[in-house]
Amino acid sequence: MNFPILSSIIFLPLIGSFFVFLTKAEKNERNKSAIYVSIFTSVVNFFLSLFLWYSFDNTTSDFQFVEELNWISGIIKFKLGIDGISILFILLTTLITPICVISCINSIKSRLKEFLIAILILETFMIGVFCSLDLVIFYLFFEAGLIPMFLIIGIWGGPRKVYSAFKFFLFTLLGSVLMLVAIIAIYWIVGTTDVTEIYKIQIPKEFQYLLWLAFFSSFAVKLPMWPVHTWLPDAHVEAPTAGSVILAAILLKMGGYGFLRFSIGMFPIASEYFVPLIFTLSVIAIIYASLVALMQEDMKKLIAYSSVAHMGFVTLGIFTFNKQGLEGSIIQMLSHGLIAAALFFSVGILYDRTHSRLIKSYGGLVNSLPKYSFFLMIFVLASLGLPGTSGFVGEFLVLVGVFKSNFLVAILASTGVILAAAYMLWLYKRVIFGNVSNNDLKKISDVNIYEFSILIILTTLVIFFGFYPDPLLKTIHVSIDNLINNYNLAIAKAVVLK
Amino acid sequence: MEYLIVFLPLVGAIFGYFSKYFGDLISQFIATISVSISAILSAIVFYNGVFYNQYGNYLIYEWINSGKFIVDWSIYIDPLSSIMLVVVTLVSALVHIYSIGYMNHDPHKPRFMSYLSLFTFFMLVLVVSDNFLQLFFGWEGVGLSSYLLIGFWYKKNSANNAAIKAFLVNRVGDFGFAIGIFLIFLFFGTVNYNELFQQVPNFVNTEIIFLGINVNLITIICLFLFIGAMGKSAQFFLHTWLPDAMEGPTPVSALIHAATMVTAGVFLVARCSPIFEYSQFALNFVAIIGMVTAVFAASVALVQNDIKKIIAYSTCSQLGYMFFAAGIGAYHVAIFHLFTHAFFKALLFLGSGSVIHSLNDEQDINNMGGLWKKMPYTWISMVIGTLALTGFPFLAGFYSKDAIIEFAYASGTQIGYIAAGVGIFTAFLTAIYSWRLIFKTFHGKYNNKKLNKTEIHESGPVILLPLSALVLGAVFSGFLFKDFLIGNNFLDFWKSSIFFAKEFNHSHLPNWILIITPILVVTAIPLSYYLYIRHTKLLEKIKENSNLIYQFLLNKWYFDEIYEKLLVKPIKNAGSFFWKKGDEKTIDRFGPDGISKIIKLISKKAVKLQTGYIFDYAFVMLLGFSLLLTFFIIYT
Chain L
31 MNFPILSSII
41 FLPLIGSFFV
51 FLTKAEKNER
61 NKSAIYVSIF
71 TSVVNFFLSL
81 FLWYSFDNTT
91 SDFQFVEELN
101 WISGIIKFKL
111 GIDGISILFI
121 LLTTLITPIC
131 VISCINSIKS
141 RLKEFLIAIL
151 ILETFMIGVF
161 CSLDLVIFYL
171 FFEAGLIPMF
181 LIIGIWGGPR
191 KVYSAFKFFL
201 FTLLGSVLML
211 VAIIAIYWIV
221 GTTDVTEIYK
231 IQIPKEFQYL
241 LWLAFFSSFA
251 VKLPMWPVHT
261 WLPDAHVEAP
271 TAGSVILAAI
281 LLKMGGYGFL
291 RFSIGMFPIA
301 SEYFVPLIFT
311 LSVIAIIYAS
321 LVALMQEDMK
331 KLIAYSSVAH
341 MGFVTLGIFT
351 FNKQGLEGSI
361 IQMLSHGLIA
371 AALFFSVGIL
381 YDRTHSRLIK
391 SYGGLVNSLP
401 KYSFFLMIFV
411 LASLGLPGTS
421 GFVGEFLVLV
431 GVFKSNFLVA
441 ILASTGVILA
451 AAYMLWLYKR
461 VIFGNVSNND
471 LKKISDVNIY
481 EFSILIILTT
491 LVIFFGFYPD
501 PLLKTIHVSI
511 DNLINNYNLA
521 IAKAVVLK
Chain V
8 MEYLIVFLPL
18 VGAIFGYFSK
28 YFGDLISQFI
38 ATISVSISAI
48 LSAIVFYNGV
58 FYNQYGNYLI
68 YEWINSGKFI
78 VDWSIYIDPL
88 SSIMLVVVTL
98 VSALVHIYSI
108 GYMNHDPHKP
118 RFMSYLSLFT
128 FFMLVLVVSD
138 NFLQLFFGWE
148 GVGLSSYLLI
158 GFWYKKNSAN
168 NAAIKAFLVN
178 RVGDFGFAIG
188 IFLIFLFFGT
198 VNYNELFQQV
208 PNFVNTEIIF
218 LGINVNLITI
228 ICLFLFIGAM
238 GKSAQFFLHT
248 WLPDAMEGPT
258 PVSALIHAAT
268 MVTAGVFLVA
278 RCSPIFEYSQ
288 FALNFVAIIG
298 MVTAVFAASV
308 ALVQNDIKKI
318 IAYSTCSQLG
328 YMFFAAGIGA
338 YHVAIFHLFT
348 HAFFKALLFL
358 GSGSVIHSLN
368 DEQDINNMGG
378 LWKKMPYTWI
388 SMVIGTLALT
398 GFPFLAGFYS
408 KDAIIEFAYA
418 SGTQIGYIAA
428 GVGIFTAFLT
438 AIYSWRLIFK
448 TFHGKYNNKK
458 LNKTEIHESG
468 PVILLPLSAL
478 VLGAVFSGFL
488 FKDFLIGNNF
498 LDFWKSSIFF
508 AKEFNHSHLP
518 NWILIITPIL
528 VVTAIPLSYY
538 LYIRHTKLLE
548 KIKENSNLIY
558 QFLLNKWYFD
568 EIYEKLLVKP
578 IKNAGSFFWK
588 KGDEKTIDRF
598 GPDGISKIIK
608 LISKKAVKLQ
618 TGYIFDYAFV
628 MLLGFSLLLT
638 FFIIYT
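Protein chains in written order, with this note's numbering: chain L, 31 to 528; chain V, 8 to 643.
Any given hint could turn out to be false.
What the hints assert, rightly or not - Pairwise CB distance ranges, derived in the manner of DEER restraints:
id: 1; chain 1: V; residue 1: GLN617; chain 2: L; residue 2: PHE77; range: 53 to 63 Å
id: 2; chain 1: L; residue 1: PHE497; chain 2: V; residue 2: ARG596; range: 41 to 51 Å
id: 3; chain 1: V; residue 1: ARG596; chain 2: L; residue 2: THR90; range: 45 to 55 Å
id: 4; chain 1: L; residue 1: LEU438; chain 2: V; residue 2: ILE526; range: 29 to 39 Å
id: 5; chain 1: V; residue 1: SER165; chain 2: L; residue 2: ASP476; range: 24 to 34 Å
Quick caveat, the hints were computed from the structure, so don't treat them as lab data.
Glycine included, each C-beta is placed from N, C-alpha and C at the ideal position.
Extracted from the complex, chain V is given alone in its bound form (with noise of 0.2 Å):
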């Protein structure tokens, strides 16, 4: 069972590309089929785990075998996979089905759906992995599923240029994680999980020389591992790709850039905890990080404009909480916030992607407003998602992310309550740029000048069903889930999945904390009604008063530009100087080059000597015989 889970989304992948030639429609059917099996496995997967405790590690075969280096191939169920397993594979499944309705006027449908199915079977083996190697073979998978899948449409020149930006800048995180795994074998001789983390406690005060530095040998190989998750999870400094990732269909940004892949940097982090949890410091690095991202992407989400971006800003941002919820130590409610968030978020792009398809692929909110009553169920299904992202009291946001600020105002510690003021302050930010987009999508005039408002309609059914079968997970899933996951007996379910190194004291916590943040995301409510729909003037005027603001979050930070100034424009200078000025100018001037002209040149004197008149060779014999001649008398 546990191999059907993973290598049926891969066998959809390859004969649902190849069936193509039987009709796109059976084509769809087998890749949608064979995820959709996968994910009730996966089900059965998670029962079993959790009420009959059948976890275990099942191999496949040995894939590199190099000495000491030695790494095989297999699936590894604990409970932390097991539900990212159920995460992957249902979210997955409901895109799947969302994308036949999605992609219906597409000419590449068979590809499309397969490429869907390939990404799929990447995660998986990324989440059962019982290694970093094959770990990170999933890793660069899903980066090249990701690729592949946000330059879909190939013809359109920014696609491609985001596909590029996101391998490469995911190539950066991946640089760093490849050094952590090198660092690993070094020191631990295995890549192994269970293997390197026994040994880990041992090693808790070796310092090892680190380029010329001395560093603490846990604190290194942790931030070097914590690079490669924030390139994937497109946290600060690595995040520029994420929103350019956009460019691709919404069903890609709702799977790949929403559910899924960019959370596997938080769950690299859970699955590494017995690692982090002996490094204070990596770990409020990874807090720090995660908070910084965390204000940084709801500030620029409060004013950007296309309704996609301003999703993977929150995405970024939400998962920017699920860092410092694992850079104070509270894993589990990091991965319960990912549980929960993949809903509510898939949630959010699904419905943008009805908006967009309604209105023929206009992504401005400036251009839409007054939607709510051509698209009812759209409407109220991005209406609750928001609800929950926000959270808003019982939905699911509000157990998770309540959760994340609570643990971190528990944890009693200087950046665990600094940790709790920004999550506080970052909802409230969410709340308001969320309220924006559904104030200016479905409430207020209509704006849109190309299309007429008589010809918008709601979606279709394949479009609406997974959309409410998102519904019930943005309603449900913190609700049902929360004792389970981060109750009190948390324990009983992640068993050692997850490694603790302190204990969770939670009878200090005042009121107040538990009540603000529930407070503000509810007025906020009102207050983006009168920003957004009733007082759009003041609005104007306070964007005259604090251009410069405006203009700093309207451009992302500026990050793009100094990227292109200190790094792309540089490195292309560097080559074109090495290229003209190092191989032509250098190497062969003075190499090949050089030496044939010097050849040349001797060889057009050496012929002048043969000048063909006889005096001329009668005179060079006699200066030879005469020389010759002295040689002789002198040395005889």
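One chain only, chain L, in its complex shape (with noise of 0.2 Å):
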């Protein structure tokens, strides 16, 4: 066993936390020391997660870095191991918290050193659950990272902060306990939770329907699909902005990872049984939450309900169980947690300098804030789709996959992508472009400087990866083979044993 790095990855924003902890401010002043602790241990996990990439081996679809202690023993044991769809989600993770970090700079006016707590203990619980390769290990930070971020809402958040954040929980939390039967009920059929353990069993089909449903029920509040998406728009709108963005960054993107790496794995039957129901809600989630976002009057919400619309295509691209639909998803969820990130960081600045999210209070922007303007144009032709944009790769290869399965659903699918341009046009033209509204937008200042390299990194990652994509897919396209052959031998082992 080397050098355990996922370990460090895992927990070295907890032990800057415990530094930030220790940090004092003077009396009536920021507390700068917290600031950097907390920027620099962000940035090196940033590094040591680039170069876990870099030593990645994108040849075999074996787990890499594997590290296993046992836990309680015989029972649990605690043990990571990463392939090539949970890398990317790890860089993922590393890349958004340190923009966080910076955000919080001029958004965060109270307990500040509290804030960049919950942010580094967050990261911490974000990269375990997309590290572990044990069900109890999984259970436990996907369980975990809720609390930080219901802090986070709670704490730091607008006025209907505590229905928003109790909503949030009410919702994640159910689906969980569902989870957690679950995994027990795994324990005492096949006696393991160690995930590639019970990838080599195969879960009697009996079982597999009512477990599906249990991963299920967590998933989908996670994701979120409709009808269960209603806690998105609330806590987004009442969050702080560092909130929303690794909520919608992040969190949202643990429930496309789970199916992934648990859904499709441990019950191919379940879910191959199940596609019409997930084909269903994806369509609806991708129609209805378009038509919603096109008559918001908040830009939050409206956000949120078009990150409701873009899962809906990635839930689509997973249950196609061929190539482009699941390469094409993961991207889609990469590429979203960059351009919706953007977009979230992009309201925040506004919110941070005139107090407030609604459209209308703004109008005109363009004649005072051009570099602002500019920045948002290309988050928001990345979030309709734009050839040329990351959000164009995702959106496509998922649609490709899904045309190969059922006509009729890429057809309605597409149609969102129609709705997506007006709702997110519309949005800009009101916001950025006419007369100045009022005179108090003649005064807000343009981008600083944080807020200038924040913006100008997830720009250059979402033009980049719009043009040459190949990084990303050349580290998945191995365990995705992997992934597509498992599922269809159990496929056939099923039909052979009828």
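Join the two chains into one complex using the hints; note that each chain is given alone, in its own frame.
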């Protein structure tokens, strides 16, 4: 066993948060050292994970960098390991976290230190989710992430923060409880909670359906799928900018990741059985959420609903079980991570200056904020899936994949692309173009250096992966092939047994 | 060299924009010079192709690779793309020069030039693609630049709305286009042109079940691709964005909405001729849509008063010509008309821009008149442009438009005869509305009350220079290129870039078909002079007597109103309904809010149990004790 790099990446933010805790601010002054420590920790973590990506071998589908520790002997192992799918999500997490930390500099006015601690702890849990190879460990990380997020919304949120925090908690917990039951059931059925073991054993068919549904209830809430999406707009609206960014960029992706890693891998037969359910819910999500987004008056709510629609594409892609669909859904998740983060961050910039998220309180911003308008334009275009941005690659691949399995679903989903153009461009027009609608807007300043650096990083990535998604695709090719193979084998076996 | 042609405009767009800190002039210079060099290089590539047969495919790098779905970025030069390169870069370079003069007073010149160059880049990427996905990239890219340029004057609400409308209507077309691409990939396993075209003959009789309907695979693919073409080329049903797009600055209308972008649909159909040729149904559909558009747009153009909108509808109508030419299988004639049309339509737009510029942004032709003495150069170029457009003998439009009508007739099919008739009729309408524009603008009495006639001046040389270059094109492009592009040995030029399944037979063309159009368009000149200058009262009378038709035409067949009622309103209503009734009144009410309410209710009741009186608790204890006791007694 070499250097435990995965554990290091997971627990580094936790250690960092401890040091943040130790920092002290002079009275009436901002706690600068807390910011420095958090930036340092999260940036080092990002470079660690870049190194991880560099040393990752993308020619094998086996789990790499595996670490194993007996925790409760003979029952639960602390087992970590990554493949091509998880590494990209780890990168996304470690990229978004420093961005969130930097964004706090302006936007968090009270209890900054505590906020940074919450963010760093959250990072630990999120990375843990993407590395776990044991169901219990996974469940612990998955659930523990709820607590800091709950606090972020509940303490630093807007006027209806308590309602939103509880709604968020209620929805996600309800799903997760079922997953916990399912995990216990799996232990009694196959005698282990080690994911790689379960892949080999193949859970008996009659159990698969119920277990799949239990996992589904948890992932569907997280993702979120229609009709359990209503917590998302409220949570986004009330959450502070950094909270929204993490929520949209990473927490939602846990649902998609869960489907890929657990639902398909452990319950292939049930996965195939429930395809119609997933397709129906996804298509409804795409069209329904797009239509609702069209009518929103609050910018954050609009973007939240657009997230629901974009996640609809993800679930569609995953459950096509073909290469384009699966790879497309992963690219879509990563690119949505960047784009949604950028959009929420952009709204946050405005909110910091005027304390309004309502579309109607803006107008003609291009006159006073030309740089800001330029960046927002790029993100709007990326969000509506313009070719040349990462959003297009994901969406198009997903639709190619879906088209293979079902014409009608693909066509209905494609209409979401038209609607996306409608609500995003209309939003942009009302906020940015026209004459300056009120005098307060004339005084506000354009993006500052922190904001500029964040926006330029996100813009570069969105465009770079739009033109050259190969680095991402190369990383996942083998893992996806392996996933498809295993799935097909399991289905074939089931047919033979019949 | 091929790389330079495509990427110079991009370089011009980026560096032109950021060099604004060194002054507007430098940034304009950078943008213009890079597009001009690109134009010169395109001419060289075209020349080399024609005389030395230097065609080829230049790979840039791999874009997407997912399973069998492999897409490259590449530059594919063949006769079809080389002629498009010339049209695009040439007109673009002229428009760049023109814009230096036209946008003189605008504070955002660098941004404008940068958008123009960006557009040129996307258009070139579209043209030189060797696969459908790169084409789609350019396709949406030109849509984006069109959106940015229509909404260039971002303070104008109408401009912003027009920009969004253009983007959305195009998205509807792109939606069809994308489905076409999905179908192609699904059945042929590739999105590369040549790999696809080789396989097409094997699939001619393949039937598929599409949404429960049994259809021919080739036909359905063609129809979906054509929906994309209809959106971009503003054909009937999806045309509504083009007239509104005139909100953008006039150079934009000349470049994007006349010469290049809107012809992308025609290019697409020509490019896909190896598929379309195998589906007679799809070809007929293309021809019918083309004919309907040609007549419809010409009829609307008859009564419009905005100088740019008239030319916009005229563009729409001419695009209809190109499509029905393609629909009867004469793709090369369609491209030839595209080629000549680029010159005279850009000329007309730029000329009208010169008028608008001199009249302080006046666009209503009722407020013009008698300008010819004041702006003689503009006048003469507009007249030449009009002559070329209407197909006056020996000017550009004469060769291409008459060729369309002749080929239609010569095809010998029923739809061909109808197309020839429609072509002749539309040519007549075209002549009427075009001369109406000329007479009302340049002749008769001066009608503008806001501006004194003495204040009007001819535009400067930066504006007139591109005009004169286009005049040359409008005069000679037809005569010089006709033998070469549509003559008897046309395949020597086109080679395999366009596929013809049928032979053309010109031997049985009667003489009347050759002379009828020229006669009609020539007689239209005195006729419109009589109607619009000499005897305007007659026209008033006609207007009054057939007010219903007049209103119908004036309101553009009520398309916007119908779409508003049938599409926009219901969609908005559905959005509100799902939000208020779906999310808030149903999901939340029975979901989280409902549950928390129930829990609150139960806990409230539970609180009441704790009264705090000892005798209450003692009573409950006694009750529990006796129940347990009973239980034990019974079961043991």
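Cross-check of the supplied hints:
1. Checking the proposed 53 to 63 Å range against V/GLN617 and L/PHE77 shows it holds: the Cβ atoms sit about 58 Å from each other.
2. For the pair L/PHE497 and V/ARG596, the beta carbons lie near 46 Å from each other, so the given range of 41 to 51 Å is met.
3. Distance hint check: the CB atoms of V/ARG596 and L/THR90 are about 51 Å apart, consistent with the given range 45 to 55 Å.
4. Taking the beta carbon of each, L/LEU438 and V/ILE526 are about 54 Å apart, not inside 29 to 39 Å as hinted.
5. With their beta carbons about 27 Å apart, V/SER165 and L/ASP476 fall inside the hinted range of 24 to 34 Å.
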